[in-house]
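Number of protein chains: 2
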Amino acid sequence: MQEFSVLANTLANTSGAIARGYYRKNFDVQSKDDKSPVTIADREIEQRLREMIEKQRPEDGIIGEEFGTKDSQNGLTWVLDPIDGTKSFVIGRPTFGTLIALWEGDTPLLGIINQPITNERWVGIKDKRTRFNDRLVKTRNCPSLSRACASSTTPAMFDGLPPVYENFEKDAKMMVWGADCYAYGLLASGHLDIVVEAALSPYDFAALIPVVEGAGGKICDWDGKPLTLKSDGRVIALGDPALWDEASKLLK
Amino acid sequence: MQEFSVLANTLANTSGAIARGYYRKNFDVQSKDDKSPVTIADREIEQRLREMIEKQRPEDGIIGEEFGTKDSQNGLTWVLDPIDGTKSFVIGRPTFGTLIALWEGDTPLLGIINQPITNERWVGIKDKRTRFNDRLVKTRNCPSLSRACASSTTPAMFDGLPPVYENFEKDAKMMVWGADCYAYGLLASGHLDIVVEAALSPYDFAALIPVVEGAGGKICDWDGKPLTLKSDGRVIALGDPALWDEASKLLK
Chain Z
11 MQEFSVLANT LANTSGAIAR GYYRKNFDVQ SKDDKSPVTI ADREIEQRLR
61 EMIEKQRPED GIIGEEFGTK DSQNGLTWVL DPIDGTKSFV IGRPTFGTLI
111 ALWEGDTPLL GIINQPITNE RWVGIKDKRT RFNDRLVKTR NCPSLSRACA
161 SSTTPAMFDG LPPVYENFEK DAKMMVWGAD CYAYGLLASG HLDIVVEAAL
211 SPYDFAALIP VVEGAGGKIC DWDGKPLTLK SDGRVIALGD PALWDEASKL
261 LK
Chain P
11 MQEFSVLANT LANTSGAIAR GYYRKNFDVQ SKDDKSPVTI ADREIEQRLR
61 EMIEKQRPED GIIGEEFGTK DSQNGLTWVL DPIDGTKSFV IGRPTFGTLI
111 ALWEGDTPLL GIINQPITNE RWVGIKDKRT RFNDRLVKTR NCPSLSRACA
161 SSTTPAMFDG LPPVYENFEK DAKMMVWGAD CYAYGLLASG HLDIVVEAAL
211 SPYDFAALIP VVEGAGGKIC DWDGKPLTLK SDGRVIALGD PALWDEASKL
261 LK
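As you go down the protein sequences, you meet chains Z and P in turn. If you read the first sequence in our numbering, its first letter stands for residue 11, the second for the next number, and so on. If you read the second sequence in our numbering, its first letter stands for residue 11, the second for the next number, and so on.
The hints are simulated quantities; they were obtained by calculation from the structure and are not laboratory data.
Once the Cα atoms are required to be at most 30 angstroms apart in a straight line, the calculated DSSO-like pairs of lysine-lysine come out as:
| hint | chain 1 | residue 1 | chain 2 | residue 2 |
| --- | --- | --- | --- | --- |
| 1 | Z | Lys180 | P | Lys45 |
| 2 | P | Lys45 | Z | Lys148 |
| 3 | Z | Lys45 | P | Lys228 |
| 4 | P | Lys180 | Z | Lys262 |
| 5 | Z | Lys180 | P | Lys35 |
| 6 | P | Lys183 | Z | Lys42 |
| 7 | Z | Lys45 | P | Lys148 |
| 8 | P | Lys183 | P | Lys228 |
| 9 | Z | Lys183 | Z | Lys262 |
| 10 | Z | Lys42 | Z | Lys80 |
| 11 | Z | Lys228 | Z | Lys180 |
| 12 | P | Lys180 | Z | Lys180 |
From a predicted model like this one, the values you see are computed outputs, not experimental measurements.
Generate the whole structure from the sequences, applying the supplied hints.
This is the structure in structure tokens:
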């Protein structure tokens with residue numbers, strides 16, 4: 011685990027340096043087939059991280075947002091989102107992050123959320139307490155939905171679904187928008203109680219699981235099942251697992 | 011104007027120190043009559059800034075989010091939002107800001123957007139170029155809506171209105187949520203093209219006008235009229251004023 015952790019932190023350092031180099035500079039923003047934006051920074055980060063992994067651990071698999079899947083020969087797979095929150099990156103807002111995860115089969119071993127502008131890093135490791143910039147963190151107690159701060163990235167995630175975000179707008183204490191992966195870090199640090207999202211890909215949530223669980227939170231799909239790399243992309247994270255009974259009613 | 015500018019920057023420094031003291035600490039979050047949240051930091055900042063203004067300029071009026079209106083005896087009025095984006099402040103996200111404006115009658119003379127965690131400050135002064143951390147900034151060209159990055163704080167702003175944000179989601183290049191006053195700063199710095207919002211109060215937009223206009227942008231109500239302290243709270247800011255023809259069609 012020590013080797014994995016050192017490598018993952020080195021990948022985070024490298025991605026941060028590349029992101030800082032492009033942040034608020036002029037660069038082209040292209041639209042992918044799913045209309046989501048991509049920049050040279052996304053591509054350069056993922057390419058560089060893949061090279062580093064392949065050099066040090068040639069048998070590990072890699073799943074990346076921009077360059078697809080390399081099959082694993084040993085059961086271990088790195089899951090990379092070079093820039094989660096590309097829209098925030100594009101407008102120069104420091105709430106995007108690089109997500110780096112290592113899974114063994116269906117089990118997440120390690121996850122990093124790295125924000126390179128404000129220099130904030132959450133590191134989650136299976137069966138260990140989550141660290142934020144090297145300090146231990148934990149989620150906060152919030153036994154009641156009416157006292158919960160909830161968050162999501164964009165209402166467009168919920169297109170074609172039941173009125174889930176409207177339910178949270180109505181019943182939670184407040185709803186905050188646009189926080190990308192940063193929201194899950196804030197939840198792990200005890201500043202936020204719920205993140206509810208849909209239409210996520212495995213590289214969007216793979217790294218979040220060890221961060222949230224290692225801080226005492228619960229993260230699962232909307233049916234309450236553990237997330238796997240085959241999950242349907244509907245994700246809810248709760249700082250206080252006791253919120254599940256109330257929150258799950260709003261997901262139907 | 012020099013005296014006003016020095017005082018406004020001193021107010022921004024003072025508000026920043028108070029905000030940093032509470033940021034990510036434990037504090038109570040209360041709900042106001044309009045269900046918007048307020049914290050001890052909002053109240054302490056506004057109280058302190060009002061004291062400073064009253065001491066140095068006793069005849070100036072003050073309009074503040076938390077403590078109401080003090081009438082002006084000389085035509086000059088300070089307009090204060092101690093924490094714009096209280097929800098972001100509450101969840102520990104550094105996109106909130108303190109807004110400080112000085113108006114003479116219906117004319118905005120000066121506006122500051124201050125982000126005290128990332129140490130970012132936009133200063134707009136009537137008939138002068140806007141400065142970001144002391145460097146001159148300008149908005150960017152974006153002649154076509156299909157190439158524009160648009161932003162808004164929350165879909166709840168548009169409750170009961172025509173499907174305006176849905177129009178921007180569909181026709182703009184991308185739509186980013188949850189940026190509070192920070193979005194107008196990013197627009198002034200040329201990273202974002204459109205901010206469209208509703209249900210704003212004068213203290214939410216009073217400081218934004220000199221910042222946006224001094225960077226070459228346009229900011230007005232949804233009918234294209236200049237904002238006044240009596241405007242109805244529907245606000246649009248355009249980095250490139252040439253976007254008005256296309257954007258205004260989506261506001262109907």
